Amino acid sequence: INYASYQAGAVTLSSLHKETAWNFLVFAAGRASAAGYLQSTYLPPARRDLVDFTATDPILNIFAKQALTAANWAQPDEVEVKKIFERMITVTALGQTTSAEAIKEAAAEVTNLLR
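Numbers given in the numbering used here equal positions in the sequence shown, counted from 1, plus 30.
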């Protein structure tokens, strides 16, 4: 399983330039703009219809294809969850604990965040 990390654009009701802001969001999310962003940043595309655009790049394509199967979950504190996951990976990679024990500890920490 892989998990997506993304941000969504929004326009507040109190915006003085709602129409302009929405027009920009529509433009930025469009195929041509997203393709340009992909080429400029070398980041996996957010649009499914651009995944094939990465087919000739063996590294980028791996990450782009993950967007097709990525799941998501409600995180109570994105920064803290990231720290928990990083710690889980580090202690396992350094051989300080087993992967099963690291997962069990991380699960307990995330569960505490949800309370």
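There's no promise every hint is true.
[Unchecked claim] Taking lysine-lysine and the BS3-like style, the derived pairs with C-alpha atoms no more than 25 angstroms apart in a straight line are:
id	residue 1	residue 2
1	Lys-113	Lys-134
2	Lys-95	Lys-112
3	Lys-112	Lys-134
Treat the hints as calculated values from the structure; they're not laboratory data.
Quick caveat, the model's predicted, so the values are computed rather than measured.
Tested hints:
1. Lys-113 <-> Lys-134: Given pair Lys-113, Lys-134 holds - Cα atoms ~15 angstroms apart, limit 25 angstroms.
2. Lys-95 <-> Lys-112: 22 angstroms, holds
3. Lys-112 <-> Lys-134: Given that 25 angstroms is the threshold and the Cα spacing comes to 16 angstroms, the pair holds.
Figure legend: structure checked against the earlier numbered hints; every hint is met.
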